[in-house]
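Modelling step: build the complete structure from the supplied sequences, incorporating the hints.
Protein chains: 2
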Amino acid sequence: MGSSRSKISFSELLPIAEWLPGYKKSDLAGDMLAGLIVAIMLVPQSMAYAMLAGLPPQVGLYASIVPLVAYAAFGSSKVLAVGPVAMVSLLTLSSVGAYARGGTAEFIALALLLALIAGIIQLAMGAARLGFFVNFLSHPVLVGFTSAAAIVIGVSQLKHIFGISVSRTEQPYQAIGEIISALPGTNSVTLTIGILSIGLLIYFRSFLAKQLLRLRVPENIAASIGKAGALVVVLLGTAFVWLLGLDMANSVKIVGAIPTGLPPLTIPDLNIEDVTALLPAAMIISLVGFTESISIATTLASRRRQKIDANQELIALGASNIAASFTGGYPVTGGLSRSAVNAGSGANTPLSSIITAVLIVVTVLFLTPLFYFLPQAVLGAIVVVAVAGLFDLKSFVHIWRYSKTDAIALLATFFGVLLFNIEVGIGIGVGTALVLYLYRTSRPHIAVVGRVGKTEHFRNINRHKVDVCPETHAVRIDESLYFANARSLENTLLNAVAENKELKNIVLICSAVNQIDSSALETLERVIDELRSAGVRLFLAEVKGPVMDRLKSIGFVDRFGEENIFLSTHLAFEHLGCANGV
Amino acid sequence: MGSSRSKISFSELLPIAEWLPGYKKSDLAGDMLAGLIVAIMLVPQSMAYAMLAGLPPQVGLYASIVPLVAYAAFGSSKVLAVGPVAMVSLLTLSSVGAYARGGTAEFIALALLLALIAGIIQLAMGAARLGFFVNFLSHPVLVGFTSAAAIVIGVSQLKHIFGISVSRTEQPYQAIGEIISALPGTNSVTLTIGILSIGLLIYFRSFLAKQLLRLRVPENIAASIGKAGALVVVLLGTAFVWLLGLDMANSVKIVGAIPTGLPPLTIPDLNIEDVTALLPAAMIISLVGFTESISIATTLASRRRQKIDANQELIALGASNIAASFTGGYPVTGGLSRSAVNAGSGANTPLSSIITAVLIVVTVLFLTPLFYFLPQAVLGAIVVVAVAGLFDLKSFVHIWRYSKTDAIALLATFFGVLLFNIEVGIGIGVGTALVLYLYRTSRPHIAVVGRVGKTEHFRNINRHKVDVCPETHAVRIDESLYFANARSLENTLLNAVAENKELKNIVLICSAVNQIDSSALETLERVIDELRSAGVRLFLAEVKGPVMDRLKSIGFVDRFGEENIFLSTHLAFEHLGCANGV
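Read top to bottom, the protein sequences are chains A and B. Sequential numbering of the first sequence, starting at 241, is according to our numbering. Sequential numbering of the second sequence, starting at 241, is according to our numbering.
Source of the hints: derived by calculation from the structure; they are not laboratory data. Among these hints, one or two may not hold up.
[Claimed, not checked] Under the rule of at most 30 Å between Cα atoms (straight-line distance), these lysine-lysine pairs were calculated in the DSSO-like manner:
no., chain 1, residue 1, chain 2, residue 2
1, B, K744, A, K264
2, B, K399, B, K634
3, B, K784, A, K694
4, A, K694, B, K694
5, A, K634, A, K694
6, B, K644, B, K694
7, B, K694, A, K265
8, B, K792, A, K705
9, B, K705, B, K265
10, A, K634, A, K399
11, B, K792, A, K741
12, A, K547, A, K264
13, A, K744, B, K264
14, B, K547, A, K264
15, B, K784, A, K644
16, A, K634, B, K784
17, A, K792, B, K493
18, A, K741, B, K744
19, B, K493, B, K547
20, B, K644, A, K784
21, A, K705, B, K784
22, A, K744, B, K547
23, B, K265, A, K792
24, A, K784, B, K265
25, B, K744, A, K547
26, B, K792, A, K784
27, B, K264, A, K784
28, A, K265, A, K399
29, A, K694, A, K784
30, B, K694, B, K705
31, B, K265, A, K741
32, A, K705, A, K744
33, B, K784, A, K784
34, A, K634, A, K644
[Said to hold, decoys possible] From the derived model, a few chain A residues whose C-beta atoms are all more than 10 Å from chain B:
no., residue
35, A313
36, G342
37, A367
38, W482
39, L599
40, F631
From the three backbone atoms N, C-alpha and C, an ideal C-beta is built for every residue, glycine too.
Here's what the structure looks like:
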């Protein structure tokens, strides 16, 4: 029941070859409505995230056209909505920003290259069936990263909301200092627009849908109106600035002229120096983007009893990013809120994404002049409200209560991102999680057990009233045996022997041992020798089938003696004359 | 039964405070004989290893005095023989050699500093009870490293045996090229001495003791004579060169003048630049040295039912290295052959090491002029024969047969050391082992099980003829649930649901789950929600006590419902109306 299969059918590699020819008319209404609602969300969001990434707004729109079609062709999810997202936009800013100034032609060119590299990495990982690599990003590391990124993103938008200019800084604590010293130059009109936008967005998101429901508006219409907050603040903000001339009279910064027309065909400039410089960030983007996307896709698919193939998802996201790099975009991935809206609005097939893409084409062809007077503060407000929910104190408290070691990995990532940068933070987090995991398994729970009454049950002598034999110890190890804990087992057994001079037999109960790697096997063979030279015999009990198969194949069982391996602890004790706890 | 204790007694911190006041006269004969035999081995070996490390021969002798006393005071092993060893000498050469030319005053100063840093690291790790870090060096990584190091060391000694001079090179494949092009300049007299020495050493090691036994020489005397090979070749080689004047007539390179007198008091020069440069190598030395030493100490102690404390060993080795750095030595650790000889010759207490140290003092005070005519080829031969046994093809074949993933980690280390350098090789090996371990556990064995006949046993439906229910699946996962495999479990369960439209209940059998980390808990909670929204209920069975305690503490059991967790799979199936495989 593993996730890998040796044979992959054509329709699995190119899902559109299956769903498009078999398209049912009855699915069309749902797909069109969902495609429209996602487009209404996506137009303002994509411009806002492009601004967050240090890119002109049209780049966000361009990244919302061909990448969506590419995902519709290759993706295994029926409802995932691909496009610019906050986290990946931040990663773009932090990596490209180290080599070029935001908004410049060089910056845009590097963002295209970044999308290409990230796409190639995802495509290659998918083709090589390496989806498992994403497992390195454990839940605590993701929570730590997301919460820190929410702070970094929120702080980065304050300059738009306050209408001040600050120089770009690497670390958020420096940025906060810069902002505080620039506060006297706050543009009060801009700030008013920003605060009103935030208030309106929160109202739409958290209260409006419930109020509409109470007014007996049908549920799906109420939900759709609740999602249109970004569009409403964009329209209102633009109208106010245009009608009152706030851009000239009060120096409110506006988006300005957005080029009209189809996305340009762009060919990323593949020079080795830039590729090397962007590679670490592209690795992080491909993994973080994939993790975010697959989680959403899996959750949404399971509700409909549909399947998601992790490696196919890598291929589809890779295709989307490569498409973005050739059509003037920047790195994309599956987004949470838009995908949920897509599914909730009745999307049945990836056609809804293609409809969204068509509507964005209409936007870039005809509607961009409408955004000329759009205040940047409104886009900043959209980003701030979108990421505010990502700061996840609840998960931290939960993880802290459940496992201190996991909480340490979370905090290491969180402060790593805040004090250094995203790559270092994630690196520290992943390393910490690995070391702590090994530390935990390197000190497995090892219990000396004894017989409960006259039964065949054996329990921990420290927790239960049990009968024991002075000459025979039964030791249960509650972990697979591998390099990190082989020495711990050796110490435990040899110390038991050193402490009990009467001890003659040790029965090692392997009921919790799912595998024995070669380090542990080597240690086990050495322990047997060491115990023998100390006059103590070792026996095994309850060895699992697959473990036993491997031990047999290497000749261990022959050397050790099959008669020294017992099906149950009870049989071992009977054999050793310890049947009634004497 | 863990290895850490919160209270540590004084005699555990300073074992000499226990064994010396209680010293028994009856132990003295054994300690004196063992001390003498180890000294006879140590004098030539310590000079040979110093030469291998790029240091003058007296440095090896100096490293064999105070460090031995320091270990005798702090060590928890009664018979471990500390001093210069091949592996650590090679590490010293490769790390210090990057910053200074062998034999220069600067080189010697850096070697002292390296000993100090490695000692401080060991001391600190011991004090912080961080002995578990050594577990990162898995058996395959150690075998790969040792085998590659044996080649590097062997190649490095060829120039002494052929009597040629080659410039120092980083990689062994470069060194072999250098040696081949220098072969026309071979000194045939030197080569003859080298080959005869190697032959004699092999004869002593492998044949002489057996022959003496056949001649009815008592066993312990025969064994002792067998160990004196190095001393014999040193005496013979020195005598020949001196008597025949080979150093002048045939340009045979000799050791030359060794200063007479006690080791100098040296104070390592602690400047931040050198410390930073040597830090990675010092880390590797402290870990590799400790790993080698603790393995030997554990093996020897177990035969006598004595205890070894890993953290105390770190403290003792740290003290030895710090002692070496203040008395003109270089990094040391416990050596395999000398420790085995020490134990085999009847050493009862660490007094034997103190006796060895006293005899080395006698050597540096009075006997160094005897080594003036000692040919370098003899020392080279001693090193080559000592390391030849470290090339471990047998372990490689064994590991390859047992586990391909472990063999990959071994080969990665082996070629990493040969093609790059030791630090990079070990880094690659440790990283590979970790990734492969996670890969293995990220795809755990997951079996759908069914009832065997009318019993309460449940086995894999693919391996056994069992009864199943179409509406209820029992799924057994054979691994702890943690971040690397949480997603795999989720995929398996959701795919099972997507493939079987009749499925209504899943029983997850947790008999092999020793822990659930917060990533897996988060996934489990999500899976429960996802299954519920797909109309499938999840139940747990056979959850272990410690896992259940943690799940209760975080409120999972209350949310999930204690009635959904069953003691056994049988009870779960009965409850779900699947009692007789209907």
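**Message:** Which constraints among the numbered hints does this structure fail? Numbers only, ascending.
**Reply:** Hints 5, 6, 7, 9, 11, 14, 17, 18, 19, 23, 24, 27, 28 are the ones this structure does not satisfy, whereas the remaining hints hold.
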